[in-house]
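There are 4 protein chains.
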Amino acid sequence: MTDHTFYMDLALQNAKAMKGQTDPNPLVGSVIVNDNQIVGIGTHLKAGEPHAEIHAIRMAGEKAKGGTIYVTLEPCSHHGRTGPCAVAIKEAGIKKVVIATLDPNPVVSGNGVKILEEAGIEVTIGVREEEARKMNEVFNKFIVEKKPFITLKAGTTLDGKIATHTLDSKWITTAASRQDVHQLRNENMAILVGVNTVIEDDPELTARIPNGRNPIRIILDSSLRIPLDSKVVTDKLADTWIFTSQKADGEKEKALLSQGVKIYRTNGSSRVDVKEVVATLGEQLISSVLIEGGGSVHASFLENHLIDKAVLYFAPKLIGGKNAPTFLEGTGFAKMADAVELTDTDIIKIGQDFKFIGYPRYEKGDM
Amino acid sequence: MTDHTFYMDLALQNAKAMKGQTDPNPLVGSVIVNDNQIVGIGTHLKAGEPHAEIHAIRMAGEKAKGGTIYVTLEPCSHHGRTGPCAVAIKEAGIKKVVIATLDPNPVVSGNGVKILEEAGIEVTIGVREEEARKMNEVFNKFIVEKKPFITLKAGTTLDGKIATHTLDSKWITTAASRQDVHQLRNENMAILVGVNTVIEDDPELTARIPNGRNPIRIILDSSLRIPLDSKVVTDKLADTWIFTSQKADGEKEKALLSQGVKIYRTNGSSRVDVKEVVATLGEQLISSVLIEGGGSVHASFLENHLIDKAVLYFAPKLIGGKNAPTFLEGTGFAKMADAVELTDTDIIKIGQDFKFIGYPRYEKGDM
Amino acid sequence: MTDHTFYMDLALQNAKAMKGQTDPNPLVGSVIVNDNQIVGIGTHLKAGEPHAEIHAIRMAGEKAKGGTIYVTLEPCSHHGRTGPCAVAIKEAGIKKVVIATLDPNPVVSGNGVKILEEAGIEVTIGVREEEARKMNEVFNKFIVEKKPFITLKAGTTLDGKIATHTLDSKWITTAASRQDVHQLRNENMAILVGVNTVIEDDPELTARIPNGRNPIRIILDSSLRIPLDSKVVTDKLADTWIFTSQKADGEKEKALLSQGVKIYRTNGSSRVDVKEVVATLGEQLISSVLIEGGGSVHASFLENHLIDKAVLYFAPKLIGGKNAPTFLEGTGFAKMADAVELTDTDIIKIGQDFKFIGYPRYEKGDM
Amino acid sequence: MTDHTFYMDLALQNAKAMKGQTDPNPLVGSVIVNDNQIVGIGTHLKAGEPHAEIHAIRMAGEKAKGGTIYVTLEPCSHHGRTGPCAVAIKEAGIKKVVIATLDPNPVVSGNGVKILEEAGIEVTIGVREEEARKMNEVFNKFIVEKKPFITLKAGTTLDGKIATHTLDSKWITTAASRQDVHQLRNENMAILVGVNTVIEDDPELTARIPNGRNPIRIILDSSLRIPLDSKVVTDKLADTWIFTSQKADGEKEKALLSQGVKIYRTNGSSRVDVKEVVATLGEQLISSVLIEGGGSVHASFLENHLIDKAVLYFAPKLIGGKNAPTFLEGTGFAKMADAVELTDTDIIKIGQDFKFIGYPRYEKGDM
Ligand SMILES: [Zn+2]
Ligand SMILES: [Zn+2]
Ligand SMILES: [Zn+2]
Ligand SMILES: [Zn+2]
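Protein chains in written order, with the UniProt record's numbering: chain A, 1 to 367; chain B, 1 to 367; chain C, 1 to 367; chain D, 1 to 367.
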């Protein structure tokens, strides 16, 4: 297997290992081969730093000349502190480029290939394409739509409840699941909850893993009801952004601002429009958001077709209660035929719990 | 492996193949071995017919003499049209008995072994015990408690809903799951629903599989609101029993009786007590019941610790709705710490759906 | 799966459990179903005893009438102490017969089906056919060719040696492999070795497993060189048959006969023709033979295309030696292209050793 | 798993991808982490080029300072064109070093750690040690013993034959196995055969894979019987070295030298001592040798305990023949108890063939 897939797999492995540290940039890996020997490997480490191809070319040095470069994403044609990678490849004297996926951004897709081909470089596209595409599901959405990839997360009983009818919710899932959630948080740039969740649970919303990066904490709070002594306001463990409406009290806003909280006053007279929230987050270069409740916040996002992925932790428990809240409330769809179906589903056991993953499919009849 | 486990496994295989046709009797298999050769196999086929040991002894004929009999359940000491099997074993001249599990009924457990040992027959107990015990989970409860083994079944969205807020419920799960439900129905002696399910869905509640046995249909209906033209009243595909309260209208009762429906008027002045229902079913020798909704019926049974097993079919869908019914309503438990945990859980994919199986554990701290 | 395959699988399971006790008859299982309930199960236990169908019909009693019988082999049309099973099925009032495989014997194949169809019984053929055919690989050969199914067994080093150049051979394989060989012996009616193996190793050639049946011991000995005090002559643990040639000494023959050994004097003036041996064994109703060495005996059988199956135990050892004997000697084939290929191969780990199974394919270009 | 094993696994993946291109140097990978982010990756690409740590430090740049470096092998204390890596780590300001395995060379083992610890750097040893050790089985032997790691390769029938009694040998194994052999050749620095193999088969002994590196071809030929027109002499596809004895003809030697063949005249008057060959190869920095026959060459190496690994391709064929050569000839061991056992055995199916891998264990009772 010392062929295209062997080298591309190596590039993919290096790319994936950087998960969580390249936002809002994509994961990218690269390998340079010359005379049947690997002469350089590279990976994109962090936004603002050299692209994968540049690292690989630097490691290869003179040996890049005449070689073949493998890269999991189409070399860029314009951006990056280190200039267009397509040009760097050309200047390094590389004779052949093997690409997993074209740039998902329609504005620039194909431009890198064009530069390469005009320079007489042989280009092959599509090696390990599916794997490379899935690896950057977050980036692929963000770069095209300028909006974050949104993951709904819930820890629920088997009957869909996230609390009892008395609103007791500690604990539904086991420690193993909660640890997994911290990993999820680490992989997202922001975490979003409704203000009720803050009022009821006073959570930290941080990624408590050995080397976790804490996401920005985003609170939807149309009336600025958030307690001034809540942890997300006071603990300084991560940035906190509050999206509120026109009706919010100015004094409370000042108090929060003085705590270092960022306030976004949206256009709604008395409610916060989640579409506006999402658009604003995109403008702020937030490429990924994890939504953690409660049920009416989830419903707002789902009904607006804003959920890209669902991660559900089912505890093997039954709690019951007509009035116990489920993780998906709001009005709901009227017809079962209108339910949002999830595809690419998977379920795995985590400790005593079951973790479900799926991708909502909004366009019916599209498949 | 031509030893105890080999022969007991053969007895277990034959026993299990009779699933669904021996109620209210247990599944039992038997093998007789003489001079290292199998000389007879037997299995219990149907209540009222010979026990497994008798079939095996008949097949073995003269060769039973001096042999070893393997049987998945302790030979009986008294009941059965063909007399006590322990005596039949003795009279057949069998010299050794290998048993998987003792009789679960404390009143008679050990009596069969006593007869055998007093006859000088060598007895070994416990070969494949766990497997034999699980095979008869229904019978083991029924014979000890004289109450049916109750399985809760629900087809639900991921968010626990069994209908939309407009009560539309067709269809949640896929055809594959619904086919599996028909198999479940075939394995239970009775199927129980609340009258609202009949009013809303007018279901047949039959086992639509090639050679399915239709369970008795049991309806909880405190006011006899059931429509006289509902399928369970008119289609005659299986018996229908209605449990009602003292307040039920006499005329409606007569009309139902004239359709061949059986009416149980329970002690409640205006409600049907599920404990009384279960006790009555036990008296009627109903050893297994499948409960199929709706959510408040499920809740009544769960809150009374009457559910022995849960089988949940999760469709990979999200429907939402604060008022959309979940499969477990009622009041619910007040504290998350009081939730009923399920053990021995398993989850498998059926078509696009996920089938979950678990066993409620009511005694906290018991494990 | 409560359909044809469910019932046929049950019949197959019961048939297979009798492996080793039905020779020279095939393994056969049967299940009778009526009104969606199993009403009888049967299996052939031993040659000379009732066929599987008869046991199932007896267990079903009156309930056979109108039912469907599943049987892994075409019901017989003539033989058996209990008369033709096809007739017994007709007389039991069975309405449908589902068969896995037709009778492999071309002389009678289809006759059973003919009787059934002429009686207006619906017949289905081919359910689980491949599995049923493989289960009776021994019988299928024997009944057609009237010659035993022959399995070559060898325990060898990785370099094919069965002894060192000094002829030391204890032990090559581990205890686990040797235990497995005892199981193999139990499954064969006879075990065959050359006289050199007796002279060098003085083996017992018995099946040392808890309830093992000892195969008949067959020795190829053209000059009757076998020591009178060898175990196979003196221990009486199983019958011993010696195939010798015309040149064998009469006095030695008498001495052996007086020990109870059976002597077959074949036509060869000074050598024993293995084809004649095989034909004679077939006449003696020996349906299966395990050949255990040495290398020249193996070669004689292989070169005459008489090996039906090979079971090789490879010890992870290297012994070396140009003159150390391999398990396949003789002249050998002249061209590598003429090597006998084995198909349906499998290899599994047994303790430290590897057990290889394969089926020689003699007709080149046949596949 | 974003911890020690996560980072070391990434280093191991990059190290392994260089298999076949670092000889005689070991495979080594490295990762630098700072503030929970990967800031550099490196791998050793080729002997004479920078070590893995240097590449990683270069990629990390300023970010190495205060970080943790993961490296699959103890950083060197003295050798390498880029100076001691332990010193480079110190100078980069790295605060912590995590090592999979210490240097196997007893002369320098621990020296790198000593430098690091004296510089006040925290050192952790043993993360993924077993995996890192196995990855460099060739190097670990070579660096300690200054002798190549020797792999015996044979393609054989099930009965151990590598040719028929007429010496026909084409083809034993299938194309899939032969392709696998080319991969093996690519991974070894040299391939060794006896002159008879050259005379009989006139092989190329090259690695015919897309980007294969041809190993040096080594021929054992005590009398210089090698034909002057054999491919290994004339095709120039790779270097050819012949080991001969004192008795070899001087004229033939000159003819070979004029063809560019290298001649090693060993001390034996008429035979080539394999121990001397191995010592010489070690001096020539040949770290790995694949021996490909014939059977007497294999035997010489095995009897001298020089085989480190055996890779056997078994074709599912039987050829037979007392005089057909096996892949292990010579005298062989006299007692079965003296057979060389192989440990860490594995067997996998390759096309129709079975590939066996094992490691000879010469010191009995050592485990
Ligand atoms: Zn770039
Ligand atoms: Zn009984
Ligand atoms: Zn018959
Ligand atoms: Zn170094």
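Treat each hint with caution, since some may be false.
A pair holds if it fits inside one copy or across any two, identical chains being indistinguishable in the list.
[Claimed, not checked] With a Cα cut of at most 30 Å, we get these calculated BS3-like pairs of lysine-lysine: (1) 170 to 236; (2) 46 to 309; (3) 147 to 90; (4) 90 to 335.
Derived by calculation from the structure, the hints in this document are not laboratory data.
Consistency of the hints with the structure:
1. 170 to 236: within (24 Å within a copy, 49 Å between copies)
2. 46 to 309: within (24 Å within a copy, 44 Å between copies)
3. 147 to 90: Cα proximity of residue 147 and residue 90: none, with 33 Å in one copy and 44 Å across.
4. 90 to 335: Neither, since 57 Å and 56 Å both go past 30 Å.
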